[in-house]
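Colleague: First to last, the protein sequences are chains A and R. Each residue of the first sequence is one higher than the last, beginning at 1 in the working numbering. Each residue of the second sequence is one higher than the last, beginning at 159 in the working numbering.
Note that these hints are calculated values from the structure, not bench results. Accuracy of the hints is not assured; some may be wrong.
To be verified - So these bits of chain A aren't anywhere near chain R, every CB distance computed over 10 Å:
(1) D9
(2) Q15
(3) G46
(4) R61
(5) I75
(6) G89
(7) L96
(8) I98
(9) E116
(10) A126
(11) R134
Claimed, not checked - Dumping the calculated EDC-like pairs for lysine to aspartate or glutamate here, alpha-carbon to alpha-carbon at most 16 Å:
(12) K174/R to D206/R
(13) K278/R to E417/R
(14) K90/A to E120/A
(15) K581/R to D11/A
(16) K445/R to E430/R
(17) K23/A to E515/R
(18) K581/R to D20/A
(19) K445/R to D251/R
(20) K581/R to E16/A
(21) K23/A to D69/A
(22) K146/A to D11/A
(23) K23/A to D93/A
It should be emphasised that the depicted structure is a prediction, and the values quoted were computed from it without experimental measurement. The beta carbon of each residue, even a glycine, is placed where N, CA and C say it ideally should be.
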Amino acid sequence: MSQQATGQDLDALYQEIILDHYKNPLHAGLREPFEAEVHHVNPTCGDEVTLRVHLGGPEGRTVEDVSYDALGCSISQASTSVMADLLIGKTVDDALAIHTEFLTLMQGKGTVVPDEEVLEDGIAFAGVAKFPARVKCALLSWMAWKDATARTLEGQAS
Amino acid sequence: MVELPGLLPELEVVRKDFPILERSLAGGLPLVYLDSANTSQKPQIVIDTMVDHLERHNANVARAMHQLGAEASAAFEEARDTVAAFLGAPSRDEVIFTKNASEALNLVANTLAWAKGDRKIGEGDVVVTTEMEHHSNIVPWQLLTERTGATLRWFGLTDDGLLDLSNIDELITERTKVVTFTWVSNMLGTINPVAEITRRAHEVGALVVVDASQAAPQLPIDLAGMPETDRPDLLVFTGHKTVGPTGIGVLWGRREVLEALPPFLGGGEMIETVRMEGSTYAGIPHKFEAGTPPIVEAVGLGAALTYLGHVGMEHIHAHERAITGYAFEGLATVPGLTVLGPGDPAVRGGAISFELEGVHPHDVAQVLDVRGVAVRAGHHCARPAHARFGVQSSTRMSSYLYTTPAEIDALIEALHYTRSYFKVG
Chain A
1 MSQQATGQDL DALYQEIILD HYKNPLHAGL REPFEAEVHH VNPTCGDEVT
51 LRVHLGGPEG RTVEDVSYDA LGCSISQAST SVMADLLIGK TVDDALAIHT
101 EFLTLMQGKG TVVPDEEVLE DGIAFAGVAK FPARVKCALL SWMAWKDATA
151 RTLEGQAS
Chain R
159 MVELPGLLPE LEVVRKDFPI LERSLAGGLP LVYLDSANTS QKPQIVIDTM
209 VDHLERHNAN VARAMHQLGA EASAAFEEAR DTVAAFLGAP SRDEVIFTKN
259 ASEALNLVAN TLAWAKGDRK IGEGDVVVTT EMEHHSNIVP WQLLTERTGA
309 TLRWFGLTDD GLLDLSNIDE LITERTKVVT FTWVSNMLGT INPVAEITRR
359 AHEVGALVVV DASQAAPQLP IDLAGMPETD RPDLLVFTGH KTVGPTGIGV
409 LWGRREVLEA LPPFLGGGEM IETVRMEGST YAGIPHKFEA GTPPIVEAVG
459 LGAALTYLGH VGMEHIHAHE RAITGYAFEG LATVPGLTVL GPGDPAVRGG
509 AISFELEGVH PHDVAQVLDV RGVAVRAGHH CARPAHARFG VQSSTRMSSY
559 LYTTPAEIDA LIEALHYTRS YFKVG
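Start from the sequences and build out the full structure, keeping to the hints where you can.
Modeller: Put into structure tokens, the structure is as follows:
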């Protein structure tokens, strides 16, 4: 009985989608060209990601590529894979909106109902929001992407 | 229950002293607490002593001219006596209360920069630490050497997780002013040869600073019993790992050294006379205890060390060795599991860090947690030691005087479950 209850919690955290992305991450590896490269770490556990952003298209407002080299747990690895797959090909504005949506989901302590239209595989992380210690794992690469994108946009402006 | 030589004979009685061990976790699972190197649990006597102090004796210390003030001061100073006895300190005045071990180490590192005369660290001087230190025994020395122009060097590690002393004569030279190292590694479990390194450092006149944060909970310490050549000059530990409360740590230092060092923080209690033109300072230990100290925390620490004394540090050490040996046997049955650090459980402390092939330590700890098994995952504030072994992080189980063989069984069973959950092997 009790085993079942905790097993359910665990399955809510480790959705099949997450484990799939962990075992077979999409868009992994560092690629050229890129305008900005950032390195983010989670100081509490040592997880780290090196992430590159390449913006192109009309006025450089399309996310042409997100490439990365990440070391970390299943949650952080899967989150990086899902993010890259979601954001590549989107306009910067759409990507930033998705970023905000994902951030809201992760900071919602499990009360936010995710929009599958927007987040696609990202909805699998709804269960992570109930584990405060793991929220930072899920957000590591998203924060790195935002940082790299901001730097790229700054570079365009100057 | 499994019969193991060395196990505390009254383990069930000891466990009853720790009320938290009775609680259950989500899903009604019993708590299997294997994170004592992170912080230990507290016996009822510590909780009760602190509550009693707050309910009946609370007042500021050393400045209140009333009965409660006298009681609070007596309780605080009795705690100092208890710490001195616990360490076998040559003198009670050599025991200084700090906030934690980190503050104690920062006190030493900072006052060495500010010292005058021989002790002062400056350009051309060398401070030696080791690659297996907790960050709290690396960063203060980095700050010290960066600020003073001194050089920081360190002992590397052997593949077995021991200090590599092969280049000790290159590291410890006439230029070496401080040699600092942990007695017991919080990550690798290694017990370091305190006497041997101290003796060599003393030959060149270097100060020896020992981090006993992991040693104090589990090894008998008798400073006065050590030959002077082998005795460290300064030693620190923290209260919360020795079944005491958080917010209280200890710096023990040889009288001559403490007297030669300038004050750390300025404020009340640490002075003799204050004039606007300048002040003179109290003698040790108060010289290093500016401001209202953590009074009830010190009283709680006194109760904690008295409790450990009643159980007996020799017995606690034997218990830790028995549990560590039993855990080694169990961990060996888990396919793909590699223990970091010395392979002989007899020469280790009660912390075992390991890797499980195919599963990240965070995920290991998460699955263990839903089975009620509390361990630590990450770099355990020892990132350089992890880097030395080419790993980013690890999972660590750490036992204490209340750990049972059945809890180790629960860990091992949960590790097998973790492998099946992540479908590895």
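Colleague: Confirm or reject each hint.
Modeller: For each hint, the structure was consulted:
no., hint, verdict
1, D9, "6 Å, violated"
2, Q15, "13 Å, holds"
3, G46, "4 Å, violated"
4, R61, "36 Å, holds"
5, I75, "7 Å, violated"
6, G89, "29 Å, holds"
7, L96, "28 Å, holds"
8, I98, "25 Å, holds"
9, E116, "25 Å, holds"
10, A126, "16 Å, holds"
11, R134, "7 Å, violated"
12, K174/R to D206/R, "14 Å, holds"
13, K278/R to E417/R, "13 Å, holds"
14, K90/A to E120/A, "14 Å, holds"
15, K581/R to D11/A, "14 Å, holds"
16, K445/R to E430/R, "9 Å, holds"
17, K23/A to E515/R, "13 Å, holds"
18, K581/R to D20/A, "12 Å, holds"
19, K445/R to D251/R, "11 Å, holds"
20, K581/R to E16/A, "12 Å, holds"
21, K23/A to D69/A, "15 Å, holds"
22, K146/A to D11/A, "29 Å, violated"
23, K23/A to D93/A, "30 Å, violated"
Checked against the numbered hints above, the structure violates hints 1, 3, 5, 11, 22, 23; every other hint is satisfied.
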